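Peer 1: If you want the building blocks of each chain, they are given just below.
2 protein chains.
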Amino acid sequence: MMHIERLCLIGVGLIGGSWARALRDAGAVGEIIGCGRTEASLQRAVELGVIDRYECDPAQAVLGADMVVLGVPLGGMRGVLAAIRETLAPHAIITDVGSAKGSVVADAEAVFGRVPPRFVPGHPIAGTEKSGVEASFKELFRHRRVILTPVADTDPDAVATVRALWEVAGAEVVAMDVEHHDEVLAATSHLPHVLAYGLVDTLAHWDDNREIFQYAAGGFRDFTRIASSDPRMWRDICLANREALLTAMKRYITDLNSLLESVEQADGERLEAVFDNAKQARDHFISLLEQ
Amino acid sequence: MMHIERLCLIGVGLIGGSWARALRDAGAVGEIIGCGRTEASLQRAVELGVIDRYECDPAQAVLGADMVVLGVPLGGMRGVLAAIRETLAPHAIITDVGSAKGSVVADAEAVFGRVPPRFVPGHPIAGTEKSGVEASFKELFRHRRVILTPVADTDPDAVATVRALWEVAGAEVVAMDVEHHDEVLAATSHLPHVLAYGLVDTLAHWDDNREIFQYAAGGFRDFTRIASSDPRMWRDICLANREALLTAMKRYITDLNSLLESVEQADGERLEAVFDNAKQARDHFISLLEQ
Numbered sequence: 116m117m118h119i120e121r122l123c124l125i126g127v128g129l130i131g132g133s134w135a136r137a138l139r140d141a142g143a144v145g146e147i148i149g150c151g152r153t154e155a156s157l158q159r160a161v162e163l164g165v166i167d168r169y170e171c172d173p174a175q176a177v178l179g180a181d182m183v184v185l186g187v188p189l190g191g192m193r194g195v196l197a198a199i200r201e202t203l204a205p206h207a208i209i210t211d212v213g214s215a216k217g218s219v220v221a222d223a224e225a226v227f228g229r230v231p232p233r234f235v236p237g238h239p240i241a242g243t244e245k246s247g248v249e250a251s252f253k254e255l256f257r258h259r260r261v262i263l264t265p266v267a268d269t270d271p272d273a274v275a276t277v278r279a280l281w282e283v284a285g286a287e288v289v290a291m292d293v294e295h296h297d298e299v300l301a302a303t304s305h306l307p308h309v310l311a312y313g314l315v316d317t318l319a320h321w322d323d324n325r326e327i328f329q330y331a332a333g334g335f336r337d338f339t340r341i342a343s344s345d346p347r348m349w350r351d352i353c354l355a356n357r358e359a360l361l362t363a364m365k366r367y368i369t370d371l372n373s374l375l376e377s378v379e380q381a382d383g384e385r386l387e388a389v390f391d392n393a394k395q396a397r398d399h400f401i402s403l404l405e406q
Numbered sequence: 116m117m118h119i120e121r122l123c124l125i126g127v128g129l130i131g132g133s134w135a136r137a138l139r140d141a142g143a144v145g146e147i148i149g150c151g152r153t154e155a156s157l158q159r160a161v162e163l164g165v166i167d168r169y170e171c172d173p174a175q176a177v178l179g180a181d182m183v184v185l186g187v188p189l190g191g192m193r194g195v196l197a198a199i200r201e202t203l204a205p206h207a208i209i210t211d212v213g214s215a216k217g218s219v220v221a222d223a224e225a226v227f228g229r230v231p232p233r234f235v236p237g238h239p240i241a242g243t244e245k246s247g248v249e250a251s252f253k254e255l256f257r258h259r260r261v262i263l264t265p266v267a268d269t270d271p272d273a274v275a276t277v278r279a280l281w282e283v284a285g286a287e288v289v290a291m292d293v294e295h296h297d298e299v300l301a302a303t304s305h306l307p308h309v310l311a312y313g314l315v316d317t318l319a320h321w322d323d324n325r326e327i328f329q330y331a332a333g334g335f336r337d338f339t340r341i342a343s344s345d346p347r348m349w350r351d352i353c354l355a356n357r358e359a360l361l362t363a364m365k366r367y368i369t370d371l372n373s374l375l376e377s378v379e380q381a382d383g384e385r386l387e388a389v390f391d392n393a394k395q396a397r398d399h400f401i402s403l404l405e406q
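Those protein sequence lines, which keep their order, are chains A and B. Residues 116 to 406 (my numbering) are what the first sequence spells out, left to right. Residues 116 to 406 (my numbering) are what the second sequence spells out, left to right.
The hints are simulated quantities; they were obtained by calculation from the structure and are not laboratory data. Just so it is clear, the structure is predicted and the values come from calculations on it, not from any experiment. Ideal Cβ placement from N, Cα and C applies to all residues, glycine included. The reader is advised that the hints may include incorrect statements.
[As the list claims (entries may be wrong)] Label-pair ranges, simulated between beta-carbon atoms:
#1 B:384 / A:225: 15 to 25 Å
#2 B:294 / A:362: 17 to 27 Å
#3 B:399 / A:229: 25 to 35 Å
#4 A:295 / B:158: 45 to 55 Å
#5 B:153 / A:402: 18 to 28 Å
#6 A:152 / B:275: 26 to 36 Å
#7 A:254 / B:294: 47 to 57 Å
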């Protein structure tokens with residue numbers, strides 16, 4: 116089995132913490148060094164057994180690491196890459212868990228002149244509306260997809276290692292090109308988050324006393340669950356995947372205006388056709404999820 | 116305790132069936148007669164013990180009933196009211212469980228010349244994406260709100276009876292005027308349903324092979340759960356509450372265009388402010404739900 120002697124986790128949150136737990140549980144890793152902005156959170160990560168020790172300075176944290184996982188918000192990627200550039204061991208594999216990949220590739224190019232061959236951009240399609248190391252658990256990636264987006268000259272051995280370590284955590288790994296990843300995720304994740312945040316914000320302004328929320332039911336709770344996600348993280352994702360998100364939003368707004376027209380015209384036939392198609396597509400999605 | 120000797124349920128689905136189960140469980144009802152369009156479903160309701168017997172003709176079903184519950188889709192209300200007008204006992208209380216109230220009041224006015232004093236329009240804020248008597252269960256309304264929208268000359272005794280019977284099922288009953296109900300529900304329920312159906316439909320058309328759904332995660336499942344609701348029922352709701360829904364949709368589309376502009380301008384500060392406000396409002400909503 117794949118074994119990493121020294122793993123460095125920069126950003127010890129839900130995703131990085133859960134992967135670390137899974138790797139340790141499987142015996143796939145020797146020592147785990149954490150690094151982050153908040154010392155209290157790093158201390159908590161040590162107490163929880165997620166990391167063995169920590170450094171507050173990324174340049175120090177990566178010293179001697181065989182693999183570095185970047186689990187910081189997308190807005191922090193470039194700064195971290197710049198900070199570790201000089202002290203990173205030449206053999207070290209780097210990967211990240213960011214929700215957009217084009218921006219991370221651009222950050223790597225900006226810092227290193229090109230994407231380092233041992234840098235494997237990645238994105239686990241998993242998570243909850245919670246964040247932080249307290250919320251981490253080793254089963255988070257079980258039966259979840261992880262998308263890796265290697266570029267033309269990414270070292271195949273590095274890709275194989277990262278893939279194997281995700282598989283250890285129970286994930287199913289697929290490869291995709293950077294642009295396709297960003298387009299698919301804009302549609303299936305970034306757009307829904309913007310819609311949910313937007314709806315709750317619209318309703319909150321509608322009724323300054325927020326009395327309106329008293330009459331919302333369980334369907335609303337589920338629909339808006341993702342609006343309880345970390346606002347700063349999602350700000351970063353929207354900015355990092357701006358182009359693809361704009362395309363998705365425009366497409367959705369066009370379709371929504373067309374639905375508005377159907378309601379205006381009391382076109383029951385068209386409404387039922389749209390709702391029916393959506394229900395069928397969702398049932399298809401649920402069967403995919405359950406496979 | 117309130118006791119209804121003979122209850123007639125027109126439309127024996129998730130809502131009517133669950134209320135019947137709760138009333139019977141509490142001993143609040145003598146005989147329950149069901150009525151519906153599909154005989155197989157009525158037979159199933161008898162097997163499940165939800166109803167005692169059934170009639171296929173609404174005019175026959177309401178004969179001798181002390182209370183009639185209309186649990187049919189909104190598009191079917193007027194026809195049912197017309198069908199039972201001649202055979203309904205003068206003392207019988209009527210109530211409905213429709214998701215829009217203005218249309219039901221208009222239907223009653225159209226059929227009876229005015230809203231009958233013993234007709235209490237109602238709406239339980241409960242349900243799941245499932246439908247049909249098979250999905251019914253007696254706890255559905257526990258700790259849920261039920262909104263009654265009596266009009267000026269509704270008989271207070273009839274309101275008190277309907278209120279008591281909902282309380283037997285564990286619900287918290289509030290009264291509201293018809294227009295306010297329809298506005299609040301358009302915002303908190305009808306709009307979210309349209310948005311969820313619309314998103315899944317947009318994505319399904321985006322990628323004809325629906326490959327895109329393979330990369331959607333749990334957040335997407337929750338966000339789109341309501342898009343698995345019954346398309347015909349929701350078509351009816353959109354048509355029945357058309358004016359309030361149009362207002363809500365327009366307001367949302369305006370706000371969404373403003374969010375689009377923020378993404379276009381890479382205005383991270385504004386995005387974070389909107390997301391943060393939404394998260395706070397949703398946390399407030401969740402605390403209300405849990406109270």
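Peer 1: Against each hint, give a clear statement of whether it holds in the structure.
Peer 2: Checked hints:
no. : hint                      : in the structure
1   : B:384 / A:225: 15 to 25 Å : 23 Å, holds
2   : B:294 / A:362: 17 to 27 Å : 39 Å, violated
3   : B:399 / A:229: 25 to 35 Å : 48 Å, violated
4   : A:295 / B:158: 45 to 55 Å : 51 Å, holds
5   : B:153 / A:402: 18 to 28 Å : 26 Å, holds
6   : A:152 / B:275: 26 to 36 Å : 60 Å, violated
7   : A:254 / B:294: 47 to 57 Å : 49 Å, holds
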